[in-house]
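Asks: Listed below are the residues making up each chain.
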Amino acid sequence: MNRKTRRALALTSALAAIIALSACGGGAASGGGGSTADSGPIKIGIIADLTGATGDVGTPYNEGMMAYIDSINAKGGIKGHKIEAMSNDYAYKVPTAEELYKKYVSQGAVAIQGWGTGDSEALRTKVANDKLPFMSASYAEVLTDPAQSPYNFVVAPTYSDQMRVALNWIAKDAGGKAEVAVFHHDSPFGTAPVADGQKWVTEKGLNLGFKAYPMPKTPNQVGLLSQAKSQGAKYIIIQNVSSPAAQVAKDILAQKLDMKIVCLNWCSDELFIKTAGNEAAEGHILISPFAPASANKDGNKAVDDYLKSKGSSLANKGLHFAQGWHTMDVMAKGIEKALGDGGTLTGQSIKAALESMPAVDTGGVVGTGKIKFGTDSHRGSTGTGIYQVKAGIMTEIQAGATP
Amino acid sequence: MATATGIHHRSYRAELRLRHTRAEYLRLALMAALLLSLPYNLGVYWLGIANSILIAVIGAVGLNILVGYTGQISLGQGGFLAVGAYTSANLSERGGLPVPLSIAIAVLVTALIGALFGLPALRLKGLYLAIATLASQEIILFVVRRWSWLTEGKGFVEVSRLEVFGWQVSREMFEVQWYWVLLAITTLVVLAARNLMRTALGRAFMAVRDQDIAAAAIGVNLTRSKVTAFAVSSGFVGLAGALTAHYTETVTWERFTLDVSVLYLAMIIVGGIGSIAGSVYGAVFIMLIPTLLTEIAERLTAVAPVLTEQLPAIKNAVFGLAIIVFLLVEPRGLDRIWTRVKDYVRYWPFRY
Chain A
1 MNRKTRRALA LTSALAAIIA LSACGGGAAS GGGGSTADSG PIKIGIIADL TGATGDVGTP
61 YNEGMMAYID SINAKGGIKG HKIEAMSNDY AYKVPTAEEL YKKYVSQGAV AIQGWGTGDS
121 EALRTKVAND KLPFMSASYA EVLTDPAQSP YNFVVAPTYS DQMRVALNWI AKDAGGKAEV
181 AVFHHDSPFG TAPVADGQKW VTEKGLNLGF KAYPMPKTPN QVGLLSQAKS QGAKYIIIQN
241 VSSPAAQVAK DILAQKLDMK IVCLNWCSDE LFIKTAGNEA AEGHILISPF APASANKDGN
301 KAVDDYLKSK GSSLANKGLH FAQGWHTMDV MAKGIEKALG DGGTLTGQSI KAALESMPAV
361 DTGGVVGTGK IKFGTDSHRG STGTGIYQVK AGIMTEIQAG ATP
Chain B
404 MATATGIHHR SYRAELRLRH TRAEYLRLAL MAALLLSLPY NLGVYWLGIA NSILIAVIGA
464 VGLNILVGYT GQISLGQGGF LAVGAYTSAN LSERGGLPVP LSIAIAVLVT ALIGALFGLP
524 ALRLKGLYLA IATLASQEII LFVVRRWSWL TEGKGFVEVS RLEVFGWQVS REMFEVQWYW
584 VLLAITTLVV LAARNLMRTA LGRAFMAVRD QDIAAAAIGV NLTRSKVTAF AVSSGFVGLA
644 GALTAHYTET VTWERFTLDV SVLYLAMIIV GGIGSIAGSV YGAVFIMLIP TLLTEIAERL
704 TAVAPVLTEQ LPAIKNAVFG LAIIVFLLVE PRGLDRIWTR VKDYVRYWPF RY
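In order, the protein sequences belong to chains A and B. Quick note on this note's numbering: the first sequence kicks off at 1 and runs consecutively. Quick note on this note's numbering: the second sequence kicks off at 404 and runs consecutively.
Think of the hints as simulated: they come from the structure by calculation, not from any bench. Possibly wrong hints are sitting among the right ones.
[To be verified] Mimicking SDA-like on lysine to any residue, the simulated pairs with C-alpha atoms at most 20 Å apart in a straight line are:
hint	chain 1	residue 1	chain 2	residue 2
1	A	Lys217	B	Arg548
2	B	Lys718	A	Ser87
3	B	Lys557	A	Ala147
4	A	Lys131	B	Ser573
5	A	Lys131	B	Leu565
6	B	Lys557	A	Gln148
7	A	Lys43	B	Tyr448
8	A	Lys43	B	Glu701
9	A	Lys217	B	Asp662
10	B	Lys557	A	Ala128
11	A	Lys217	B	Ile542
12	A	Lys211	B	Gly556
13	A	Lys217	B	Glu541
14	B	Lys557	A	Pro146
15	B	Lys557	A	Pro214
16	A	Lys372	A	Ser356
17	B	Lys557	A	Pro150
18	B	Lys718	A	Pro95
19	A	Lys131	B	Tyr448
20	A	Lys217	B	Lys718
21	A	Lys131	B	Gln571
22	A	Lys131	B	Arg564
23	B	Lys718	A	Gly52
24	B	Lys557	A	Asp145
25	A	Lys131	B	Glu561
26	A	Lys43	B	Arg702
27	A	Lys79	A	Ala332
28	A	Lys217	B	Leu537
29	B	Lys718	A	Met86
30	A	Lys199	B	Ser551
31	A	Lys79	A	Glu336
32	A	Lys199	B	Glu555
33	A	Lys211	B	Ser551
34	B	Lys718	A	Gly55
35	B	Lys557	A	Thr125
[What the hints assert, rightly or not] These stretches of chain A come out as covered by chain B in the derived footprint (C-beta under 8 Å, 3 or more residues):
hint	stretch
36	98-106
37	111-122
38	125-133
Predicted model, so just to flag it, every value in this text is computed and none were measured. The beta-carbon is built from N, C-alpha and C at its ideal position, and this holds for glycine as well.
Take the sequences, apply the hints, and build the full model.
Replies: In structure tokens:
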């Protein structure tokens, strides 16, 4: 045996040893699905976007969650257990979200609150494997199916349902043939409801033309509007965040076009009106599953009271604050039921509790007002409010509209 | 042999060795012991970070072959990672191929696409080439975002848990088992790259980098060298991409943006352009910065809550600062710093 072959042999056997070791390796035990001791805190991992691409709406959402936790801890927690929230900014970057998630799992989190479509999709299989219930502000259809996403829970109507409601409203408002242009964010979040919208038009035989356009990252949307104009569009459904949607509103006003914007939930907020200005925003339709302060729903009273005690108000913070608050509330209700059912608190027991608990009454704030999950569906709600901007105020024109 | 005046060789054979001194073997043994003991000492979280680092090492080694050794600057790293990830994920999930085979095919496909996008390198140099590779990044990302059949219209591909010839990674031991798999692959990759640079092909790469006209004059086929460099480099990067796909179990385009290309360039700048060891140091350094900053901010959150609040901004600032400091103080990176430290000790008390 010459030196070369001997060395090669040594290398191969070393590798074989490494691979063999992998079968029995030991030190790092799994941290997944940590349980909570009798009076120990309930650990919830929160993945928030405070400074990233969606930080403008992500910040009030996160503040809402933290405020809810603060208020429930002030009342002594859930059945004597305080909630320990681990909240970190991931700046809308998927790898950072994964890193944070791993950290939360190793620190014994029993539930995870996420944020965007990107991180919800990336973590979907992981939460299923680690058996940790996961909620986020992404309302994609795929997350509602327990067969595909067993540990994801969606509190609000999906983007597809919002799209269906929007199309129904347009068909009624137009009263005849109308052209609809869909302006969407160029991402999985943006395209999520497009195909389902097209299907809805055909299925229901709505007398609508339907064409989708990805929104370019240009300073104005005049180019896109001229495309919509040549389509003959009278209605523009926007699946994007507030600032670009507000730009569309401004451009419509500047170009003196006869078009009505119908915003799905991520541009349906006070920020849209503020950015566009009262004049440009006037008359446009906002499909929002979460009621703003201006709708005066009972469920928002507790939120407003909390904020008033801190010297602010819901009108000031905007509806995404309420969105975060109520999302955390649903998770807390699940945890409360799981604790009541006895046994140790684990991700699995929270999942079972969320699926079996009675409908959560959100006091008219979310969807049709009630959120209910089942073992065969994690679609919490199908209804949504429809609002119209009147003199800079979101005015309710229909509550709990379902497709 | 190593003496106080430097390393001297008495035969060609001795000079050709990968390692020259006993100290090098000792350090290798220490490093091996450290790497082998990691899973027994680290928790799941840190082991997960170790795994991300191992994958990043493969990608950085690949990029360094192209940028550091052949002198062809590339901003297309993210795109090539995407090619590897999407190819392997689709072949194993929808094609039903065994994972090792689909990873191997992904490597070849990425090498092929890399070579294709390397063609402009025959005419372009420096900044112009950088822009051409930027185009490749954007084109590849456009394709994976728009060709909906790649993701069955979902926008992302789900990858099932790694299974090799009936052996499947278990949930409880996920990070540990992946660590062994990745450690073995990364070790092989680093060894292969290290040796590649000692072959005629590797020397041709370096000749092209140092002076392409002179290289052509002494008989190096420029066309072949450049295209091969793109292919070899992309092959490694494709491997990193494919492993990312199987390790993270979800393939989404958001993981392969231009940021990632820049991040990898930062790794080889910080580690050392034109050094395989440097790629390893750089990958470890750049991947650890954000994690360590998070730890520090957490420890100091009571004293300085602003650290936690502004963490992403601080991460960006530190990242930028690290690159500027390295470019100013030691453009040849961590590898060169390490060499200087060794020389200082070896020649002490003399200066050189």
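Asks: If a hint holds in the structure, say so; if it doesn't, say that too.
Replies: Verification of the supplied hints:
1. A/Lys217 with B/Arg548: Distance ~16 Å between A/Lys217 and B/Arg548 Cα, so the pair holds.
2. B/Lys718 with A/Ser87: holds (17 Å)
3. B/Lys557 with A/Ala147: Within the cut-off at roughly 16 Å; holds.
4. A/Lys131 with B/Ser573: Roughly 14 Å separates the two Cα atoms, so the pair holds.
5. A/Lys131 with B/Leu565: holds (19 Å)
6. B/Lys557 with A/Gln148: holds (13 Å)
7. A/Lys43 with B/Tyr448: holds (16 Å)
8. A/Lys43 with B/Glu701: holds (16 Å)
9. A/Lys217 with B/Asp662: holds (17 Å)
10. B/Lys557 with A/Ala128: Given that 20 Å is the threshold and the Cα spacing comes to 18 Å, the pair holds.
11. A/Lys217 with B/Ile542: Roughly 17 Å separates the two Cα atoms, so the pair holds.
12. A/Lys211 with B/Gly556: Holds, because 17 Å separates the two Cα atoms, which is no more than 20 Å.
13. A/Lys217 with B/Glu541: Distance of about 15 Å is within 20 Å: holds.
14. B/Lys557 with A/Pro146: holds (17 Å)
15. B/Lys557 with A/Pro214: With a Cα-Cα distance of about 16 Å, the restraint between B/Lys557 and A/Pro214 holds, given a limit of 20 Å.
16. A/Lys372 with A/Ser356: Holds: A/Lys372 and A/Ser356 sit about 9 Å apart, inside 20 Å.
17. B/Lys557 with A/Pro150: holds (17 Å)
18. B/Lys718 with A/Pro95: Between B/Lys718 and A/Pro95 the Cα gap is close to 14 Å, so the pair holds against 20 Å.
19. A/Lys131 with B/Tyr448: Holds - the C-alpha atoms of B/Tyr448 and A/Lys131 are around 17 Å apart, at most 20 Å.
20. A/Lys217 with B/Lys718: Distance of about 26 Å is beyond 20 Å: violated.
21. A/Lys131 with B/Gln571: holds (19 Å)
22. A/Lys131 with B/Arg564: holds (15 Å)
23. B/Lys718 with A/Gly52: At roughly 13 Å apart (the allowed maximum being 20 Å), A/Gly52 and B/Lys718 satisfy the hint.
24. B/Lys557 with A/Asp145: Judged against 20 Å, a Cα distance of about 14 Å means the pair holds.
25. A/Lys131 with B/Glu561: holds (17 Å)
26. A/Lys43 with B/Arg702: holds (18 Å)
27. A/Lys79 with A/Ala332: holds (11 Å)
28. A/Lys217 with B/Leu537: holds (18 Å)
29. B/Lys718 with A/Met86: holds (19 Å)
30. A/Lys199 with B/Ser551: holds (17 Å)
31. A/Lys79 with A/Glu336: holds (7 Å)
32. A/Lys199 with B/Glu555: Given that 20 Å is the threshold and the Cα spacing comes to 17 Å, the pair holds.
33. A/Lys211 with B/Ser551: OK: A/Lys211 and B/Ser551 at ~17 Å, within 20 Å.
34. B/Lys718 with A/Gly55: holds (17 Å)
35. B/Lys557 with A/Thr125: Given pair B/Lys557, A/Thr125 holds - Cα atoms ~15 Å apart, limit 20 Å.
36. 98-106: holds (count 6)
37. 111-122: holds (count 3)
38. 125-133: Our answer is that it holds, as 4 residues pass the Cβ test (under 8 Å) against chain B, meeting three.
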